[in-house]
Amino acid sequence: MSEHHIAANTLGRQFRRPSRSARAAGDVRESHGGRRLAIGITIASGFIIIGHFAHAVTLAPLFPPGPGPWPAWFALAGVVGIGVISRMVSRNTPLPDVLYVVLLVALIVPVWLDVTASMGLLRLGVTPTAAAAAGAVLMPVAAIRGTRIPMLVASLIGAVIAGSALLQVTTAGHHTVTGLTVAATTVLPMVIAVIAIGGFRRLIRRELDLSLVQSTVATPRTAVGMRASEELAQLDFDAEALLDDVGSGRIAIPLPAEAAERAGDLAARLRVRLIEGRNDTWLRHAVTESAYLSNRVTVDDPGGLAGVLSPDQRDGLLLALWFLVGEQSKGAAELAAHVTCREPSEAADPESPDLQLSIEVSGVVRRRVDPATWDALDTVGTHDVVAGPESFRIDIDCRVDPNAPAGVTAVRGAARQRGI
Amino acid sequence: MKRIHKERDRLLRRIARVSGLSGAVGSFLCLLVPGASTGLELMLAAVLSAGAIVCIILFTSRGAIAPALGLVACSVALITVLGAAPVIDPVAGSAMAVTASVTAASVAIPLIVRPDGAFMLLGLIAAVLISIGVVALTGHPMQVVAIGALMGWAANASIGIWLDRSIAAAAERIQEVGRAHEAERLASELESQQRQDARVLHDTVLATLSLLAHSGVGVRAGALRQQAGDDARLLKQLRLGAPLDRGSTAVFSPEADDDSLGVTFESVRQRFARMGLDVNWHGAGRLALPRDTLDALLGALGECLENVRRHSGVTEADVTVSDDERTVRAMVTDAGSGFEPATIDGARLGYAESVVGRLSVVGGRARIFSSPGSGTTVMLEVPKP
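Heads up: the sequence lines are chains E and C, in that order.
Residue 28 in this note's numbering sits at position 28 of the first sequence; the count goes up by one each step and never skips.
Take any residue in the second sequence, count from 1 to its spot, add 420: that is its number in this note's numbering.
Some hints could be false.
As the list claims (entries may be wrong) - When the alpha-carbon atoms are kept at most 16 Å apart in a straight line, the in silico EDC-like pairs for lysine to aspartate or glutamate are as follows: (1) C:K422 - C:E592; (2) C:K804 - C:E736; (3) C:K656 - E:D245; (4) C:K804 - C:E745; (5) C:K422 - E:D370; (6) C:K656 - E:D375; (7) C:K656 - C:E611; (8) C:K422 - E:D244.
To be verified - Calculated Cβ distances over 10 Å to all of chain C for the following chain E residues: (9) V80; (10) D97; (11) P220.
As the list claims (entries may be wrong) - Quick list of simulated restraints, FRET-style, between CB atoms: (12) C:A556 - E:F74: 44 to 54 Å; (13) C:T740 - E:H338: 42 to 52 Å; (14) C:P561 - E:V84: 43 to 53 Å.
The hints are simulated quantities; they were obtained by calculation from the structure and are not laboratory data.
Ideal placement from N, C-alpha and C gives every residue a C-beta, glycine not left out.
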């Protein structure tokens with residue numbers, strides 16, 4: 001491999017890093033697990049459709065002579081059949097939007113046939129069945145495509161069924177309630193499916209966030225962070241290119257104004273990058289990089305003391321912060337944690353702890369805190385809680401093994417059991 | 421218990437709560453329709469519905485088994501109470517169907533993921549079906565209620581099962597992504613560590629870039645070109661991670677044990693010689709200092725010499741190195757124009773960050789002695805290990 005080639009590869013790999021993690025993250029949500037959930041919801045909707053079909057069978061003798069509820073069921077089977085077949089044909093590519101819209105609009109046919117066929121029969125207890133099943137048909141659609149439109153369509157179908165029941169209230173009497181119940185069972189499964197899909201996606205997003213942030217636990221005592229590290233590499237590369245151009249004579253001396261300006265700019269930025277980050281630690285990077293911690297946790301650690309914690313202690317502290325503020329979704333506005341790292345004043349005393357942490361938590365009362373928080377804090381050090389009216393403070397005394405290396409090698413770090 | 425399982429159970433319980441509460445409230449609302457039920461029946465139904473709601477809330481907030489059983493018991497009782505009437509009103513029929521298929525069935529979602537969940541569920545649905553069967557034996561048509569019950573329990577159980585499976589699959593994948601990300605981070609951290617550690621290299625690069633920023637005025641074109649070429653080559657070596665031959669490129673990070681201040685200093689001297697400043701070296705040539713201390717001292721020294729080159733107006737400077745038991749001192753002296761230290765803002769980036777900042781990281785300090793017209797002396801001090 002030529003030298004040039006190696007250079008391009010080395011550089012290319014560096015700058016793909018974050019986007020690669022991001023792509024893998026999206027991949028988890030969409031295909032791994034997401035597909036299984038769609039299967040489960042399809043099976044559930046299958047049971048519900050079978051239930052409605054069995055209901056139709058019990059109602060069929062009550063219909064006046066004629067086709068009864070069956071034309072609507074044939075129409076529903078037709079729409080579902082076209083949808084399933086085109087989905088199988090298109091395999092991995094999503095259905096074209098036009099076909100999707102056509103199929104949704106086509107659901108009007110079974111709903112209409114069913115409502116007109118059962119109209120006026122509610123006094124006998126006859127309710128729409130295929131129309132209710134059409135609501136369940138939308139559940140897998142919600143799992144594969146967005147949840148909003150299927151939810152809307154299911155609500156519309158429910159409203160149509162409810163409306164047809166209310167129109168017959170004078171003749172049907174108490175059977176109107178039966179019609180309204182059927183309308184409700186059209187919408188309820190959809191609501192359940194939407195909650196399940198939304199909850200699953202949220203759960204995966206959060207777990208992924210925590211998992212990516214947990215990688216900070218294995219970094220050395222001071223860490224520059226992934227962004228800064230790439231910027232430094234890029235600055236070095238730009239400087240190399242400029243110096244090489246000057247060295248090889250491609251840029252004349254004295255330098256043209258544009259090149260001189262570029263050199264000055266590079267020098268200024270390189271200087272800042274080389275000096276900064278000496279007191280940045282894993283904790284600051286973990287908080288900055290997490291979508292759930294970054295706007296709720298503040299870190300006060302001018303000396304970079306959090307860096308002396310061992311990987312296990314760091315993991316415990318990160319998890320504790322996560323339990324305290326990362327997981328609560330309600331009242332997100334006032335929820336906050338402030339972490340302070342200090343060296344004890346009587347540092348010479350062998351009895352005194354090596355590091356004192358305190359976490360000031362506001363926006364959540366102590367008894368609502370996940371008990372797992374205290375387990376996580378046990379790995380950090382001995383802690384006690386000072387409760388206040390609106391907030392509470394956790395003081396942690398940490399002991400640090402001075403001989404243990406703060407950073408671990410890549411191999412050991414990756415093999416270490418992560419706190420999950 | 422794994423944390424992700426806790427999260428999963430929380431999600432399953434939330435779904436069960438929505439489903440169970442809508443069932444319990446819905447069936448009770450049915451019974452409020454005027455003329456649907458007698459006074460005693462309505463009272464019992466109200467008590468049982470309230471019991472069901474309490475059980476749902478208890479079950480879905482903690483996940484204990486007892487309230488789940490209580491919920492199914494309340495549902496079975498409600499079906500039996502409603503079925504005991506001589507004629508079942510259509511409203512009561514709807515309430516029974518909702519109770520069997522929505523209220524009671526909501527427990528299926530969280531329970532199915534338990535190790536013994538399948539058996540427990542079979543037992544519970546059997547209880548519900550038996551109560552429906554008992555009502556049917558008294559001559560009431562109960563097919564719709566039975567169909568609804570089977571439909572609700574089966575659908576809920578499958579949502580629970582597949583939600584569990586999809587979370588397990590995703591968790592596995594998240595672990596992989598997390599491990600890959602951790603390896604990437606450590607690699608990038610190591611790499612930037614190497615870059616930051618190559619402080620001496622960066623000092624010469626910064627010095628050369630500063631020269632270029634001034635369009636290279638005041639330096640011979642040939643010397644500048646050679647310096648730029650040397651720096652580019654070193655940066656490339658750093659980028660490719662190639663082993664650096666420290667013999668010939670001592671400007672790279674020196675190791676504490678086999679490199680001395682003098683040898684490393686020689687490269688600094690050469691660098692300034694090319695740019696038109698002659699540096700005379702006096703004093704100790706061999707000092708055992710930890711690597712970061714040595715780097716800091718050399719870096720600060722380079723910055724001081726750069727200031728001499730730029731501002732003093734002379735082409736010669738002296739560096740004197742001395743040490744005692746505790747400190748190593750380097751004195752940079754020039755006979756140039758000098759300045760009034762009080763008039764220089766101490767926070768100016770050049771001096772404050774590159775000299776004072778560097779030294780204070782390793783516990784050292786810097787002092788300036790100067791007055792206009794009588795040259796400048798900068799004293800750099802670093803502690804010995």
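Hint by hint, here is what the structure shows:
no. : hint                        : result
1   : C:K422 - C:E592             : holds (13 Å)
2   : C:K804 - C:E736             : violated (29 Å)
3   : C:K656 - E:D245             : holds (13 Å)
4   : C:K804 - C:E745             : holds (7 Å)
5   : C:K422 - E:D370             : holds (14 Å)
6   : C:K656 - E:D375             : violated (49 Å)
7   : C:K656 - C:E611             : holds (14 Å)
8   : C:K422 - E:D244             : violated (54 Å)
9   : V80                         : holds (17 Å)
10  : D97                         : holds (26 Å)
11  : P220                        : violated (6 Å)
12  : C:A556 - E:F74: 44 to 54 Å  : violated (31 Å)
13  : C:T740 - E:H338: 42 to 52 Å : holds (49 Å)
14  : C:P561 - E:V84: 43 to 53 Å  : violated (35 Å)
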